[in-house]
Amino acid sequence: MKKSDVKLFEIAKKLRGLQTVSTIAKTLNIKKRTAINYAWKLRKNGYLTTSYARNKIRLYRIDPLRRKKTGYSLYNLINKYSKVKISAREDYIIHSNKEPSVEEVLVRAIDTKEFRIVLASLGLFNKIKNWSRLKEFADRYKIGRQVGALYDVARKTMKVKRMDERTRKALLKSKSEKFIIKNFKSKNFNDVERKWDVFIPFNKQDLEVYEEWSI
Amino acid sequence: MVNIGGQEELFKVIGRELNRRIECYAIGGSAMMFYQAKADTQDVDLVFLEKGDLEKIKKILERIGCIDKKELVKIFRRYKDNKNRPIMMAGKNNERFDLFFKEIITFEMSDTIAGRVKEVHEFNNLIVKIISPEDIILLKCATEREKDRYDALRLMEKFDINWDIIVDEAVNQTKLESYLFPVYLYDFLEELKEDFKADIPRDVLRKIRKISEDLLVKKLEKK
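Taken in order, these protein sequences are the chains called A and B. Quick note: the first sequence uses numbering that gives the first Met the number 0, first residue 0, plus one each step. Quick note: the second sequence uses numbering that gives the first Met the number 0, first residue 0, plus one each step.
Honestly, I wouldn't trust all of these hints.
As the list claims (entries may be wrong) - Here are the in silico distance ranges between beta carbons for each label pair:
#1 A:Leu-58 - B:Asp-167: 40 to 46 Å
#2 B:Lys-68 - A:Arg-167: 53 to 59 Å
#3 A:Arg-165 - B:Asn-93: 53 to 59 Å
#4 A:Lys-97 - B:Glu-212: 56 to 62 Å
#5 B:Lys-11 - A:Lys-43: 18 to 24 Å
#6 B:Leu-48 - A:Glu-210: 39 to 45 Å
#7 B:Asn-161 - A:Lys-43: 34 to 40 Å
#8 B:Asn-161 - A:Ile-35: 42 to 48 Å
#9 B:Glu-143 - A:Val-5: 29 to 35 Å
#10 A:Leu-58 - B:Asn-124: 40 to 46 Å
Note that these hints are calculated values from the structure, not bench results. Heads up, the beta-carbon is just placed ideally off N, CA and C, and yes, glycines get one too.
With the sequences and hints as input, model every part of the structure.
Below, the structure is given as structure tokens:
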């Protein structure tokens, strides 16, 4: 952790509670101008929220516990891209330097092996920008054929961008488990199942949620 | 002392060093920081379900400059001399890691606790699962530090505690590792209610007291 972050946290601890510019200046024994700068830094890091008193004086509520949350929630990312929204009982937060791409989110969603999340992931195929990156992530999680099979299912039920042929061939050659979700098989997508040698966990009825956006 | 930012940085460093995915559970103050219920903590407590994973993390901590603290800081009551002792590592900046394997002294990391996990944080290859506030309270009752009482109190204020979970898990623990766990829990909650004016429903205390008395009677009958 940076020294400046530690210092800011210590300041937040010292100023915990309701403050004004004057009280910050007095507590820290600094000028009012510097107190305003500190307030700005504290707000930027999520420690400070502003409200106004009757006489229009700014009141700062400072709480060292209220730190800006870091990381990217996988379910929030799925909801951002998919039209079918999910609400998960437990949150999965990815701590990385940059936001995971839609290709990574799609592969991770399929890899959860949870019915509702895999179902929501179908909506992400239309947002894919880089097919080779999708193949790369599918290989990393060893679910290449599962991704390909689910793409075909998505294409049958909704409007989805065309996958480039090279990625399609590569996905067909890749290795992955037969079951996307353990013991779940489809009654309606047998052709896709045969082609990709993967069991699709959905029936046509399950995909009715996507009807609104269908072809 | 380490705060949430510092803790996350440490987890990131460990996650980068790992060459395979390792899962662990954050308990105590570490878990409370993730819930924004605590500003900083003395020790980062992690529970592992695989011995190999714990050893791997220990090696990485040594590699990044932490040293194994052989002398044990007495936090938990009912310490047995050799059994279930955590690995305690101290870092350069005074942060401390307590690494547990399956059991937290007399408290077993049960499947029910794992099923109640609220948040999972991924730091590259390190996956940290945060146990529920109810389970943090249950674990706090195994310690004898005053600040743990305040921590439990803060959790009760911040969260709408599901007391059924606490009662059920206390009973579950009697089948696993600690036969008299409800007795200690009753002691702890009663103290919180009387001395710290904690908002604990009377019928919950009555229920735990009844379970404790029955357990004690059974134990005496066996003797």
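(Q) Need the list of violated hint numbers for this structure, in ascending order. (A) Those not satisfied: there are none.
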